[in-house]
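Chains as they are written, first to last, in this note's numbering: chain A, 415 to 673; chain B, 7 to 265.
Treat the hints with care, as some may be off.
To be verified - No farther apart than 30 Å at their CA atoms in a straight line, the calculated lysine-lysine pairs in the DSBU-like style are these: (1) A:K660 - A:K582; (2) B:K122 - A:K597; (3) A:K660 - A:K597; (4) B:K193 - B:K77; (5) B:K122 - A:K659; (6) A:K660 - B:K122; (7) A:K597 - A:K582; (8) B:K122 - B:K193.
Said to hold, decoys possible - Footprint (simulated), chain B over chain A, 3 or more residues, beta carbon under 8 Å: (9) 572 to 580; (10) 622 to 631; (11) 655 to 665.
Rather than coming from a laboratory, the hints here were simulated on the basis of the structure.
Even for Gly, the Cβ is constructed at its ideal location relative to N, Cα and C.
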Amino acid sequence: MTTNRLRRAFPAIVVFAGGILFWETIVRVFDIKGFLLPAPSAIISAFPAEWAELRPAAVGTFTSALAGLTLGTTLAIVAAVGAVRWPMAREGAMPLAITANSTPIIVLAPVANAWFGLLSPWSTIVVIAVLVFFPVMINLVRGLMSTDAAELELMASYAATRRTTLWKLQLPGALPYMFSALKVAAALSLIGAIVKEYFGGSQSRLGQYITLKAGNFQFEEVWTAIVLAALFGIGLYVLITLVEKKFMSWHVSVRAAQI
Amino acid sequence: MTEAAMTLGNVSMVFDADGGSVHALEGVSLDIRDGELLSLIGPSGCGKSTLLRLLGDLLVATSGSVTVRGKSAEQARLDRDYGMVFQAATLLEWRRVAANVELPLEIMGVEPAERKRRAAEMLDLVGLGQFAEHYPWQLSGGMQQRVSIARALVFHPSILLMDEPFGALDEMTRERMQMELLGIQEKTGTTIVFVTHSIPEAAFLSDRVAVMSRRPGRITEVIDIDLAQPRVFDTREDPDFFAAVTQVRESLRSIEEAT
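In isolation and in its complexed conformation, chain A is listed as follows (with noise of 0.2 Å):
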């Protein structure tokens, strides 16, 4: 089982060794400046000098991430419940959902400076709960929306409440567009936190210790904040996927990848 896996998973650590691998020798071969591209093993020595100023920006910045996240999610499940509830307040939601899902929402950024003050956590959470929103909600109605017809006479068969419908039938089969949103979602909640963070806001945040260390041309701290953003964001993905593989060990793509 355990070799088993590691064949599996050999392919994708030569590709990701290679190519670290690569980056260092292109860098040392061709002399890349540092503010290009500073090799990775410049990254990994500066990370020990910057810790003690990127620790409390990065647990900043993911608590924001984290929170909007969550706010979002929870925010686009009762909406996208009720959209399926109230097909009127479906007809007339879902065309303003897909709109502003096709909108460049982080635009808001500056704006919710505003709103909310330029120091309040709020005005990060708020532009991250909107960005997620959409794209969860939209996601959600679809997958509660595509239960089958058959399915959904059987319980009115079984003269099943609306509720009861819902929990044993609806949200379940939902779950796997539930989680294809989150899977977006997660990554949309980091994108949006740092770069709502560029536009000001507290110093100790990642968003903010980029902006400061690029304009010093310190380009290897910056990067040691790219590297921790995509850390958390790679670590937000495999623990939804664990998530998933729990409650979703039924499903097709999931009993698939298992083979």
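With chain A's structure known, arrange chain B on it following the hints.
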């Protein structure tokens, strides 16, 4: 066998469709006897599935009445008088076989221990006792349909409504399932309304066959099938069986010629 389990009184059904209306059923009257197996047969699009859904209160007739032992079809549905089986097994893929069979009991608020006992009993009846902990995708199409029948009967409904339940199965499996269905009916005494487009299937299974015309669907003839009970494997080679098949076929052909 003489008391009417269900009565259709001059039932008509008109669907609103884009740019007009579709007249699906026209003046259908029929008594379904207690404990009988009645097949509905007719050309495709004749409204036999619609008629089945009117019986089960999944659709409401435009005019006419559907009564179940003196009460309305809606009341019968609320009283959980109906078991439903569709062409697709419509098992919930996130539930194991036993949990699928328990679903109606769960919705009806039966205690967990009792649910488990009755689901196991039903699974034994359809010969799938040892598959209780499997997921639906691990079963063949015929086995899935047997689970679906077990689920429909687990709460002891007095009426079983079946919409081409064996239509997607291969011929061998289909014949075995027909035998099993008759065996189950003998044990449970359930009244069965069975939609099919297979003439031999209707002749083999039924006490009576209701032949329907093209849209708008009417019942043109109700044929008594005088075959010895219980029906056995050799019944299909009985001259009486061929006579019954011929009678149903002739009846269907007279519709073709009339239109």
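Against the structure, the hints come out as follows:
no.	hint	result
1	A:K660 - A:K582	18 Å, holds
2	B:K122 - A:K597	37 Å, violated
3	A:K660 - A:K597	15 Å, holds
4	B:K193 - B:K77	26 Å, holds
5	B:K122 - A:K659	27 Å, holds
6	A:K660 - B:K122	24 Å, holds
7	A:K597 - A:K582	24 Å, holds
8	B:K122 - B:K193	20 Å, holds
9	572 to 580	holds (count 4)
10	622 to 631	violated (count 0)
11	655 to 665	holds (count 3)
The structure does not agree with the numbered hints 2 and 10 stated previously, though it agrees with the rest.
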